[in-house]
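First to last, the protein sequences are chains A and B. Numbering follows our numbering, in which position 185 of the first sequence is assigned residue number 185; successive positions increment by one, without gaps. Numbering follows our numbering, in which position 66 of the second sequence is assigned residue number 66; successive positions increment by one, without gaps.
One or more of the hints may lead you astray.
Claimed, not checked - In silico lysine-lysine, DSBU-like type, Cα no more than 30 Å apart, as pairs:
hint, chain 1, residue 1, chain 2, residue 2
1, B, LYS92, A, LYS227
2, A, LYS117, A, LYS105
3, B, LYS125, A, LYS91
4, A, LYS92, B, LYS227
5, B, LYS52, B, LYS125
6, B, LYS92, B, LYS117
7, A, LYS52, B, LYS21
Unchecked claim - Here are the computed distance ranges between Cβ atoms for each label pair:
hint, chain 1, residue 1, chain 2, residue 2, range
8, A, GLU45, B, GLU343, 41 to 49 Å
9, A, ALA318, B, ARG42, 16 to 24 Å
10, B, GLY214, A, GLU354, 31 to 39 Å
11, A, GLY214, B, ARG42, 53 to 61 Å
12, A, ASN359, B, THR16, 32 to 40 Å
The set of hints was computed from the structure by calculation and includes no laboratory data. Here a beta-carbon is modelled for each residue, glycine too, at the ideal position from N, C-alpha and C.
2 protein chains.
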Amino acid sequence: MSRVYNFCAGPAALPTAVLEKASAEMLDWNGMGLSVMEMSHRSDEYVSIAQKAEQDLRDLLHIPSNYKVLFMQGGATAQFAMIPLNLLGDKKSADYINTGQWSAKAIKEASRYCDVKVVASSEDKNFSYAPTQSDLNLNPDAAYVHYTPNETIGGVAFDYIPETGDVPLVADFSSSILSEELDVSKFGMIYAGAQKNIGPAGLCIVIIREDLLGDARTETPTSMNYKVAADNDSMYNTPPTYSWYLAGLVFEWLKQQGGVKGIAVINDRKASKLYKYIDQSDFYANPVAVNNRSKMNVPFTLKNSDLDKAFLQGADKAGLLNLKGHRSVGGMRASIYNAVPEEAVDALIAYMDEFANSNS
Amino acid sequence: MSRVYNFCAGPAALPTAVLEKASAEMLDWNGMGLSVMEMSHRSDEYVSIAQKAEQDLRDLLHIPSNYKVLFMQGGATAQFAMIPLNLLGDKKSADYINTGQWSAKAIKEASRYCDVKVVASSEDKNFSYAPTQSDLNLNPDAAYVHYTPNETIGGVAFDYIPETGDVPLVADFSSSILSEELDVSKFGMIYAGAQKNIGPAGLCIVIIREDLLGDARTETPTSMNYKVAADNDSMYNTPPTYSWYLAGLVFEWLKQQGGVKGIAVINDRKASKLYKYIDQSDFYANPVAVNNRSKMNVPFTLKNSDLDKAFLQGADKAGLLNLKGHRSVGGMRASIYNAVPEEAVDALIAYMDEFANSNS
Numbered sequence: 001m002s003r004v005y006n007f008c009a010g011p012a013a014l015p016t017a018v019l020e021k022a023s024a025e026m027l028d029w030n031g032m033g034l035s036v037m038e039m040s041h042r043s044d045e046y047v048s049i050a051q052k053a054e055q056d057l058r059d060l061l062h063i064p065s066n067y068k069v070l071f072m073q074g075g076a077t078a079q080f081a082m083i084p085l086n087l088l089g090d091k092k093s094a095d096y097i098n099t100g101q102w103s104a105k106a107i108k109e110a111s112r113y114c115d116v117k118v119v120a121s122s123e124d125k126n127f128s129y130a131p132t133q134s135d136l137n138l139n140p141d142a143a144y145v146h147y148t149p150n151e152t153i154g155g156v157a158f159d160y161i162p163e164t165g166d167v168p169l170v171a172d173f174s175s176s177i178l179s180e181e182l183d184v185s186k187f188g189m190i191y192a193g194a195q196k197n198i199g200p201a202g203l204c205i206v207i208i209r210e211d212l213l214g215d216a217r218t219e220t221p222t223s224m225n226y227k228v229a230a231d232n233d234s235m236y237n238t239p240p241t242y243s244w245y246l247a248g249l250v251f252e253w254l255k256q257q258g259g260v261k262g263i264a265v266i267n268d269r270k271a272s273k274l275y276k277y278i279d280q281s282d283f284y285a286n287p288v289a290v291n292n293r294s295k296m297n298v299p300f301t302l303k304n305s306d307l308d309k310a311f312l313q314g315a316d317k318a319g320l321l322n323l324k325g326h327r328s329v330g331g332m333r334a335s336i337y338n339a340v341p342e343e344a345v346d347a348l349i350a351y352m353d354e355f356a357n358s359n360s
Numbered sequence: 001m002s003r004v005y006n007f008c009a010g011p012a013a014l015p016t017a018v019l020e021k022a023s024a025e026m027l028d029w030n031g032m033g034l035s036v037m038e039m040s041h042r043s044d045e046y047v048s049i050a051q052k053a054e055q056d057l058r059d060l061l062h063i064p065s066n067y068k069v070l071f072m073q074g075g076a077t078a079q080f081a082m083i084p085l086n087l088l089g090d091k092k093s094a095d096y097i098n099t100g101q102w103s104a105k106a107i108k109e110a111s112r113y114c115d116v117k118v119v120a121s122s123e124d125k126n127f128s129y130a131p132t133q134s135d136l137n138l139n140p141d142a143a144y145v146h147y148t149p150n151e152t153i154g155g156v157a158f159d160y161i162p163e164t165g166d167v168p169l170v171a172d173f174s175s176s177i178l179s180e181e182l183d184v185s186k187f188g189m190i191y192a193g194a195q196k197n198i199g200p201a202g203l204c205i206v207i208i209r210e211d212l213l214g215d216a217r218t219e220t221p222t223s224m225n226y227k228v229a230a231d232n233d234s235m236y237n238t239p240p241t242y243s244w245y246l247a248g249l250v251f252e253w254l255k256q257q258g259g260v261k262g263i264a265v266i267n268d269r270k271a272s273k274l275y276k277y278i279d280q281s282d283f284y285a286n287p288v289a290v291n292n293r294s295k296m297n298v299p300f301t302l303k304n305s306d307l308d309k310a311f312l313q314g315a316d317k318a319g320l321l322n323l324k325g326h327r328s329v330g331g332m333r334a335s336i337y338n339a340v341p342e343e344a345v346d347a348l349i350a351y352m353d354e355f356a357n358s359n360s
């Protein structure tokens, strides 16, 4: 068996050490004689696994005690509906910042439930930057302000946390949660589909300030009600137990890497060297404003897009997988989440350089 | 490592051969150098895994071509809302048969969206039987008729498929799907949370007749819209990829057991010998009407409930796990799904007999 370097945007690479542990424990967790996925979610053993995962996440992000952590089913797409359903209360509108495809999807779904006010957009420059604080035309009557701190497809990241006064700030951190330190107290709610920096697809983490619970609209499906999830420790119904367990293994692994602070240093180094290589090259280019470059998703184009196919074929052969850009934008994209090791980035740069030299 | 016999009602036992394969493939699927849970759901490799799982399920249940198979997130609880949201159309009411806790939950959630008419109930005898066809006061104006063919908690099963004329029949097969042959064409829709007879928690299979798609109410979250799921091969958003893969391994395994026909013979034998043992004993009892006894979930009580704790402790020591009845009913329950081998039932009967002899 040889493991490749996997630059997939999601479902994405997981730490090899986590997969090794999961493999070893698959048939027999902790001498119990059964797999975690065969355990009742109400058993003492499973509850201990679930609680440890939550506590480790709380430790990693220093989540204040007035925030609930929910382990929900579905990904960001389900949240796009849950957010207005749960947070509108008696308000009629919500503010959204549009910085690319994921914000746009959130906006589209929320528009089915309320008056969405797009308070800033970077569409004018093909979503290649993030609006600044002074660009935001915030509405004091909004139920909340929603934004996407890191756009997975465009590779655009906010370099600041929007200041929204008394209006709760809601953020889709699917592709950058746990990649660098974060002041959770600045948010009303944070959510993240697991399949990028947390674990397998099918799990979504919601971190929500307690005072925002309890105002769900009457048509909210019970399985989508944050208060019900919070009141039942995310076990109103059977949660995705195995994904939750794997998320816990990832959190444990992250603690071993020095926590978020430790991994952030590595992430900085990975992203810096890749952007530096791209910038010095006249063969490759990245279109994003320098201060808004994502450290997780690095899109790049080849000067001559006729070479795209050859680039990808060579990359596959070199064990560098899933570098094709999203079908909507083309080009390449290297997603370099926490679990993608620095050596993968080194190998990618070496390959890019070799390819450029052979094709210039 | 030694594997125990796991009688958990769900999440439940999985075939050891499936877990062995999953463990072996955890770090490297098919020589690709990555785990299935690290694959893009849009990659050729993952799509082939997903399609094979669907095809195997179609083969196993002989699903007619005018039915769509959806691999959705969440379990039965999410379906309890999705069903009225998707199937009411311009109707105002739906018929529900109440045979226990799971029907009751379905009724409670549906009541939030429509006028639920309980067309038959076995509450008069503590849910110890299933109403007969002539008990059903069906309404021709109902959008659909919902029932629970197998009540996991009460261990009550229908011994017939309700005849509902032109009104679509909707059934929660979470705890008995794939346990015996089934004429899918009699149903408008079948659904089943995976964590009993299919795979890990967090996946729900929906089998729905095509003409029932497309009438979702406007407030339906997009992630809950059957038509959207059907039109996108259950990949409108990232599906729970790893659970889907594991379900596929279970389907493969089931084919190796002779398919549903083959496993049904074993299931018959397992249930028969357990009920036979209970019936000849004056130490144990099962309260369910004989023709409605579930072949998947066998609840039983001890003559003297003061012995319950000792029974469970001894069972644990003997490697017979999760025999405690649901907290709402007490006593014991042995869930003997497809993946619970016949030897497990033999070992259980031997233990029950030994315990009865020592405590009579």
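Determine which of the earlier numbered hints do not hold for this structure and return their numbers in increasing order. Failing hints, ascending: 3, 5, 8, 10, 11 and 12.
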